[in-house]
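Listed in order, the protein sequences are those of chains W and X. Mapping the first sequence onto the numbering used here, position 1 (from 1) lands on 1, and the numbers just tick up by one. Mapping the second sequence onto the numbering used here, position 76 (from 1) lands on 76, and the numbers just tick up by one.
Simulated from the structure, these hints should not be mistaken for lab results. All figures in this text were calculated on a predicted structure; none of them were measured in a lab. Among the hints, a few may not be true.
[What the hints assert, rightly or not] Lysine to aspartate or glutamate pairs mimicking DMTMM-like chemistry, simulated, CA-CA at most 20 Å apart:
(1) W/Lys128 with X/Asp87
(2) X/Lys90 with W/Asp206
(3) W/Lys143 with X/Glu83
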Amino acid sequence: MRLPLKSLLVSVLAATTLVSVAHADQLADIKKKGEIVVGVLGTDEPNSFVDPKSREIVGYEVDLANAIARKIGVKATFKQIAVAARIPELQQGRVDLLAASLTHNKEREAQIDFSLTTFVTGQKVMVKASSGIADVPQLAGKKVLTVKGGTQEENVRKAVPSVDVVTFETTQQAFQALQQGKGAGYVNDEATLVNDIAKLGPAKKDYKILPTNLSTEPLALGIRKNEPALKKVVDDTLAELEKSGEADKIFMKWYGPTTKLQFDKRSFKIDSDKI
Amino acid sequence: MPGFDLQLLLHGQYHEWLVAGLRVSLELFALTIACALPLAVVVALLRLSPWRALQGLGATYVEVVRNVPLIAHLLFWYFGAPELLPDAVKQKLYAGNYEFIAAAIGLTLYAAAFMAENIRSGIRAIPAVQFEAARALGLGFLPAMRRVVLPQALRVTVPPLLSQTVILWNDTSIATVIGVAELMYQAARVESAAFRSAEAFGFVTACYLAGSLALTAIAAWIHRRWPVRTL
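Pulled out of the complex, with its shape left as it was, chain W reads as follows:
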């Protein structure tokens, strides 16, 4: 029984590899079909979210992706995907580009390529103010909540090895579970936490974000492996946005003082794809 199963798997894997080799140049394919399919979360304000008025997906990463589409001369089509589905969707060719609050880390470099870093955030933990937890070490032995498929679980376990982690399909569910008291903390990118707290209205005084960063997360756009032409046009577009000052304007539009996030300045530059 063992051999046939193994050889079957090998042939399936070989077939998969052949399919991915068949698309030699993705950029040419994108130009041919006249659209670039961009995988976004659509649930992560302000990176990508559904605008309640226009019902369109908008946001910081959406603006960056639109600039790239304009540069290539095609239309950008946005496809909403789940956090855990991001890398598989890209690898299997169902999206051409990921603009989905994607952390650039060493482990993932073996799977996909990354653009220049488009955002830098830290992961932090939100707790209820009444919990008496002052900083991250006090989470030892407690239950924390977060989303499946990201780097959050790994980072909080690294910071507090004895922590108990429960993960959900979306960040909203994890935040909801915190509000209901189902865990002591909720782990996410700082920008998302700030935005989540801002949504609470008057109840926001009941929550606080612990000061210590669990990690520094460089976010970048995800590109399939070995697509140098596409990576070049993506990086060139981002570098031009940085040079012209447009990147700063886009940042201020979504993260600046007039937004819920209220960042007064940008603490990073889009100039490197090294981490």
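Knowing the structure of chain W, use the given hints to seat chain X on it.
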């Protein structure tokens, strides 16, 4: 794409995660089936009882539960229902493993609705004269059911109950949406940590398949050991 790494499933951290997931899946299944079967018998008897009000109660339960998807049940029992409880009770519940409890409640109530219908059909398959004869001999409703009808009905019910049990085993995977660390949940965790989707989901598939085949074997044995005997 890297090859299939069997070693990853046999030793080490990912092996431990997946085995822990399998244990939770089995616990969830065992607890659910142990609660769902008796509940299903009760609901089936409600629907067959001589009193209108009880019939209505049984029918309402079955229709309300059966016509809403399982995922909605689980989300309701995890996020919705406990919020109606007083704060003190809530805090006690949440301090424990409420994810598991909510999944067990949701799955039990859901499976019982389907199983009740299987058992009810089984009871109706026993000729009514047997029940009437038992009553004529002086047995009440419940003793007549317990001593005469149910022993025969449950034998008839084995095949449909088995499919329901297999469905229940596979349905435990939905508990991942409310954060129960069962097989599916741990496979997703291995996938995000190591990008070994083929290995993780291969393991999960083998577990569900093996569990379902084992249930089928048990049912075949029960069917031989206690064959259908009715007039």
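Against the structure, the hints come out as follows:
1. With a CA separation close to 15 Å, the supplied pair W/Lys128 and X/Asp87 stays within the 20 Å bound.
2. For the suggested pair X/Lys90 and W/Asp206, the alpha carbons sit about 19 Å apart, so the restraint of at most 20 Å is met.
3. Distance check on the hinted pair: W/Lys143 and X/Glu83 sit about 19 Å apart at the alpha-carbon level, within 20 Å; holds.
This entry satisfies every hint, going by the numbered hints stated previously.
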